[in-house]
Amino acid sequence: MDSIAFIGQQMFIFSIPLLIVALGGMFSERSGIVNIALEGIMLFGAFLSTIVIRVIQINLSPELLNSISFGQLVLLIGLVVAGLTGLIFSLLHAYASINMKADQVISGTALNLFAPAFAIFTARTMELTGDTQKVPFTNQFLIKKVPILGDIPIIGNILFSHVYITTYIGLIILIISYIFLYKTKTGLRLRSCGENPQAADAAGINVSKIRYLGVMISGFLAGIGGIILIISTSAEFNASVSGYGFLALAVLIFGQWKPLNILYAALFFGFMNTIASGYSGIPVIKDFPIPSNIYKMVPYIATLIVLSITSKNSQAPRAAGEIYDVGKR
Amino acid sequence: MSDKTINILSSFLAIFAGLIVGLIIMIFVNPMDSFGAFITILIGPIEMGIKSIGKVLFYATPLILTGLSVGFAFKTGLFNIGVSGQLLFGAFLGVYIGVKWTFLGPSQWIVALIFSGLAGALWASIPGILKAYRNVNEVVSTIMMNYISLFLVNYLVVKTIYFRLKTESMRIHDNAIIPSFGLENIFGARSVNGGFIFAILMVIIIYILLEKTTFGYELKAVGFNRDASKYAGINEKKSIVLSMIISGFLAGLAGGVIYLVGTGKAIKVVEILPQEGFTGISVALIGLNNPIGIFLSGLFMGYIQQGGFVMQRYGGFKTEIIDIIISSIIYFSALVVLFKELIIKIKKSRSSKKRVGEVNG
Chain S
146 MDSIAFIGQQ MFIFSIPLLI VALGGMFSER SGIVNIALEG IMLFGAFLST IVIRVIQINL
206 SPELLNSISF GQLVLLIGLV VAGLTGLIFS LLHAYASINM KADQVISGTA LNLFAPAFAI
266 FTARTMELTG DTQKVPFTNQ FLIKKVPILG DIPIIGNILF SHVYITTYIG LIILIISYIF
326 LYKTKTGLRL RSCGENPQAA DAAGINVSKI RYLGVMISGF LAGIGGIILI ISTSAEFNAS
386 VSGYGFLALA VLIFGQWKPL NILYAALFFG FMNTIASGYS GIPVIKDFPI PSNIYKMVPY
446 IATLIVLSIT SKNSQAPRAA GEIYDVGKR
Chain H
10 MSDKTINILS SFLAIFAGLI VGLIIMIFVN PMDSFGAFIT ILIGPIEMGI KSIGKVLFYA
70 TPLILTGLSV GFAFKTGLFN IGVSGQLLFG AFLGVYIGVK WTFLGPSQWI VALIFSGLAG
130 ALWASIPGIL KAYRNVNEVV STIMMNYISL FLVNYLVVKT IYFRLKTESM RIHDNAIIPS
190 FGLENIFGAR SVNGGFIFAI LMVIIIYILL EKTTFGYELK AVGFNRDASK YAGINEKKSI
250 VLSMIISGFL AGLAGGVIYL VGTGKAIKVV EILPQEGFTG ISVALIGLNN PIGIFLSGLF
310 MGYIQQGGFV MQRYGGFKTE IIDIIISSII YFSALVVLFK ELIIKIKKSR SSKKRVGEVN
370 G
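Going down the list, the sequences are from chains S and H. Take the first sequence: its position 207, counted from the start at 1, is 352 in the working numbering, and no numbers get skipped. Take the second sequence: its position 214, counted from the start at 1, is 223 in the working numbering, and no numbers get skipped.
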């Protein structure tokens, strides 16, 4: 029983950032812009956000520093900072791929390389962190047990104890994303720009504007996902988000660019990661002599398999990655 | 002005813009020392003498190879973003042979190096096959292969050649170190090795392959238009797989030259992909995917990397400023359109002024 709750809690810790970042990637790609810069944007958002959190925490009284409820406020500030940072950073990608008609993979790669270089350089230069690249923080964010709800059998254990508020934020983002994409006019326009920008243009939609929106949402969500990943899996920011941006890209493809499928994919990948990182705590799996590295490979292999099966009738947005040229037919 | 000149000019503009970004960030950090340190990056490696030039070649060697790998794939219409994974897999096999196959005697290094290349080729063949036969986008599949490689190599290193104390691979045997072919005496630095000669060799081979052979022409044709090539009787599926294999071979070789050295470099068991693979993208872009251009841009990247180390020692800024500059160069080289328009605009305004002058005169 305890181990089921443990797996459930761990799974959400890994799955929620994947879910949020993959949803971000979904908005960008469904608007027609391939965004492989998710990793870099996550990192950039997490970097500035941990710095802000650190600065706040340094100035807190011990009492406030130990207060979990005040921690939620600090975390919310961190989320906003990370989201806005990600949004602004992603504008570089949007400008290159929309205005400059640049190769989206190259521009994305540049962002992926810039972010860690900038984070390490700045962290090593700042007085706040000394000569190291690490930005430590105090974890005052973990909620031991949500009152009342935490007492529900099974579900209470998995969803409402040892939980971060970000789990609920992630699920809310999922619902909003679904409604936005399928039930609003802008969502429809966004999808049309990713499928057939020429037709969208002819129908009077400003393709550039919609694509900017898609990339900016992806930047905002990737930034949020970055800080959520760091605060829930680590005690410091060490200039890396450990490939989670690329894993989120795999989630996006595995989830076939659809919100609900992305949720399932994120849960599945989170589950694999749980086994990989905590398998010594899980009784049944402990007895299997499969090393954690193998479990970590599974999501990527699964994505390759899905890609090779579905490529003939791919669900990928048809115009994603293509430069929008008004004159092209 | 021909297209070629414009392309070369925009490469230089991208480098220039990248350097300016670095300078601006340095000014923000410490305005007083920034210019001096920046100049040190640019001229430090030469000032420091022949040994420092040797270091430049040492840093440039894997970058030339990864640049060739990316550039060759580009030329044949493929975006190989999985060079890091191929490099790592190649490095593993090379180091494995370098540690274990001591029975090879003095030929151990060449066997290890060749197998590095073959391992990279094998790794790249998978996305090649997926692209050719299942139409899977190679950008996505090579990204996935990068991480599969990372975790697989970590697993294999721990399983076979693990040095537990340092959480990295064991030291390779002396016979597995690539000999320096006299370069060591010229540059007086132990780090320079024969890898540089192999890099030059590969530049020449790839140049001949692409420009002077029917086979290379076919590969390029498939990259240019898959359907038309098929119609013209080229086996386009085979060509795609072969392009990836050659690109992967170069990436694997890069892995070999990085780790088959006498400086005690070992494969660390960490969850970070080797950066050389991504830097290769900027080397290829700046080099306009041309083997000779790649050779020069690889040298340049090696040069500013060494410049960064010299600067860190004397100039007080952290060496990561170089990574910022390199990533900015990649970004700016994606903006070729901007630079081309800029160049054409400048040219136009000049020639129109000239014309006005002629009329008035």
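Just so you know, not all the hints are guaranteed correct.
BS3-like cross-link-like pairs, simulated, lysine-lysine; straight-line CA separation at most 25 Å [to be verified]:
(1) H/K175 x S/K246
(2) H/K229 x S/K246
(3) H/K13 x H/K349
(4) H/K357 x H/K13
(5) S/K246 x H/K354
(6) S/K279 x H/K60
(7) S/K330 x S/K354
(8) H/K357 x S/K246
(9) H/K13 x S/K279
(10) S/K246 x H/K349
(11) S/K328 x S/K246
(12) S/K246 x H/K277
Simulated from the structure, these hints should not be mistaken for laboratory data.
Status of each hint after checking the structure:
Between H/K175 and S/K246 the alpha-carbon distance is near 47 Å, which puts this suggested pair outside the 25 Å criterion. A threshold of 25 Å between alpha carbons decides the hint, and for H/K229 with S/K246 the separation of about 23 Å falls inside it, so the pair holds. Proposed proximity of H/K13 and H/K349 is supported: the alpha carbons are some 11 Å apart, at most 25 Å. With a C-alpha separation of about 18 Å, the suggested pairing of H/K357 with H/K13 holds against the 25 Å cut-off.
At roughly 18 Å between alpha-carbon atoms, S/K246 and H/K354 fall within 25 Å of each other, so this suggested pair holds. Distance check on the hinted pair: S/K279 and H/K60 sit about 33 Å apart at the alpha-carbon level, beyond 25 Å; violated. Restraint check for S/K330 and S/K354: satisfied, since their Cα atoms lie roughly 14 Å apart, inside the 25 Å limit. Annotation: proposed proximity of H/K357 to S/K246 holds, straight-line Cα distance about 22 Å (limit 25 Å).
For the suggested pair H/K13 and S/K279, the alpha carbons sit about 45 Å apart, so the restraint of at most 25 Å is broken. Note on S/K246 and H/K349: the hinted pairing holds, with a Cα-Cα distance of about 12 Å set against a maximum of 25 Å. The straight-line distance between the Cα atoms of S/K328 and S/K246 is roughly 30 Å, outside the 25 Å bound, and the hint therefore fails. Restraint check for S/K246 and H/K277: the C-alpha separation of about 39 Å exceeds 25 Å, so the hint is violated.
Hint check: violations occur at hints 1, 6, 9, 11 and 12; the rest are consistent with the structure.
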